[in-house]
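Participant: The chain contents come next:
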Amino acid sequence: MADRGLTDPRMPGNDDILALSRREFIFATTAAGAAMLLPLGDPEALAQTVATIDGGVTATFRINGTQQQVTLDARTSLLDLLREKMALTGAKKGCDHGQCGACTVHIDGRRVASCLTMALQAADQDVTTIEGIVGDGGTLHPMQQAFIDHDALQCGYCTPGQIMAGIACVREGHASDRNEIREYMSGNLCRCGAYPGIVAAIEDAALKMGRG
Amino acid sequence: MRSFSYTKVKTAADAVQAYTGAGAGARYLAGGTTLYDLMKLDIEKPEHVIDINGITELGSISTGGSKELVFGALARMADVAEDPVVRAQYPVLSESLWRAASQQLRNMASLGGNLLQRTRCAYFRHGEPYACNKRNPGSGCAALEGLDRGHALLGGSDSCIAVYPGDMAVALLALDAVVDVTGPSGDRTIPIAKFHQTPEASPEVETSMQAGELITAIRVPKSRVGRASTYHKIRDRESYAFALASAAICLEIQDDRVRTARIAIGGLATKPWRAIDAEQALVGKRVTAALAQKVGMLTMNGAKPGRHNTFRIELGARTVADAIMIARSRA
Chain A
16 MADRGLTDPR MPGNDDILAL SRREFIFATT AAGAAMLLPL GDPEALAQTV ATIDGGVTAT
76 FRINGTQQQV TLDARTSLLD LLREKMALTG AKKGCDHGQC GACTVHIDGR RVASCLTMAL
136 QAADQDVTTI EGIVGDGGTL HPMQQAFIDH DALQCGYCTP GQIMAGIACV REGHASDRNE
196 IREYMSGNLC RCGAYPGIVA AIEDAALKMG RG
Chain B
6 MRSFSYTKVK TAADAVQAYT GAGAGARYLA GGTTLYDLMK LDIEKPEHVI DINGITELGS
66 ISTGGSKELV FGALARMADV AEDPVVRAQY PVLSESLWRA ASQQLRNMAS LGGNLLQRTR
126 CAYFRHGEPY ACNKRNPGSG CAALEGLDRG HALLGGSDSC IAVYPGDMAV ALLALDAVVD
186 VTGPSGDRTI PIAKFHQTPE ASPEVETSMQ AGELITAIRV PKSRVGRAST YHKIRDRESY
246 AFALASAAIC LEIQDDRVRT ARIAIGGLAT KPWRAIDAEQ ALVGKRVTAA LAQKVGMLTM
306 NGAKPGRHNT FRIELGARTV ADAIMIARSR A
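Going down the list, the protein sequences come from chains A and B. Take 16 as the starting number for the first sequence in the working numbering and just add one per residue. Take 6 as the starting number for the second sequence in the working numbering and just add one per residue.
FYI, nobody ran anything at the bench for these hints, they're computed from the structure. Just so you know, even glycine gets a beta-carbon here, dropped at the ideal spot from N, CA and C. It is possible that some hints are incorrect.
Stated by the list, open to error - Here chain B is said to cover these stretches of chain A; the calculated rule only asks that three of the stretch's residues, wherever they fall, bring their Cβ under 8 Å from a Cβ of chain B: (1) 77-86; (2) 106-118; (3) 198-204.
All chains should be modelled from the sequences, with the hints used to inform the complete structure.
Facilitator: Next up, the structure:
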């Protein structure tokens, strides 16, 4: 934990803004890109984009408790809204077709595949991403801590989706034993094969979350 | 993905009105797990998307009545799977729902949308350079001479052998459900057995729904056959996969003999497939493993294998046989 604090300038109590992590750098460049919105260059591509968004659709989103009005192309998925416009890159794009679970977020407390959710479908609802589950003062969610304790990841790409699905799995009451956890987590693939650790972590977190 | 305009509606009447105003290029959007997926693949190219998720009147689940279970078209798969009455008295329906997809998708997908789920045929989803009569009518069918391990053995035609991929509709077929729709020409009710269509010469036509029609409810008559029932699903892996073969079996047992039997199979045919002859072979008999096997084989009568899917004839028969024994154990 101490290591994370030193390298991650967003950790509470760390004012060293010069310690710009790779992720911070990406956030900064994404924000700059988002400010322009329309691609420059190919005039045909530009015309197509303008026709498509027709000035765009404006909607209000509540993401991790923060309300924001956004104008977007109606085609945008919730996942792309989060990653490309909100700089919330925790939810990952794996298959982009609802098959891998890496993009799992909660809408009104229910886990969904954000890649198969049109952003506009999530307007005016409570969206929670991996960035929104940390407790007061930066305490990790019991599910996050359990993933660390049980070594429930290798490369980590599927982990935000696994954790969001795992939290929902416990809250739904589908974590009563290992078989049930396996069945109700089957929508989250892990190509590193960290499944034994993932199941153990969810079993452990279920006890700490007071259900399952 | 093609551009489209987007409208949210609050009533079924408004949805139909929006469709009528927009024309044939419009699509209703419910959970989006099929439509949005197919838009990304450039298979669905709606010019106008009508988001019906705000129609609260279509979201209800009513299982307490004396005559029927009533599910609003926007009831979500995960919620219906866990309804206490459905779980206890209609396990075939609950199992068909929780054994489908993943919990994320079941939280999103509506029952109405699930009925309209389109095939997972890889040639259909891939498109060029592969021919597909569903995707591009008249272009041919790459599956007929292709990798057909997962394709249909029953109900196929020279134009298409794509499997109907859903599970719930197979259970609904065994339960004699009906589908209520509304549309530009008013309301009507379609028996589930007449809802899905075999491909014949027009594989692009998959259901008896007319343009602009919107599913409003699915109704299941309450019946004693629900309790001794199961949806048995055999996949390449234990969970989160489409059926290689599945069976919805409902039995009513009286004095140790079968009074009523319902058999429908999934994953093997171009639409949810009812096996009336096989049902008749059970009626009046004591259920034994040997009889279940015989009935399983009868269910697969008329199966036409292709190049790589012959094994699924026996798999289908055994799936039915096992399902009969599971259902019998619940009587």
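Participant: Test coverage of the segment 198-204 of chain A by chain B using CB-CB distances below 8 Å; three residues minimum.
Facilitator: Contact hint for the segment 198-204 of chain A vs chain B: holds, 5 residues under 8 Å.
Participant: Are there three or more residues in the segment 77-86 of chain A whose C-beta lies within less than 8 Å of some C-beta in chain B?
Facilitator: Contact hint for the segment 77-86 of chain A vs chain B: violated, 0 residues under 8 Å.
Participant: How does the segment 106-118 of chain A fare against chain B when you require at least three residues with a CB closer than 8 Å, holds or violated?
Facilitator: holds (count 4)
Hint compliance for this structure: hint 1 alone is broken.
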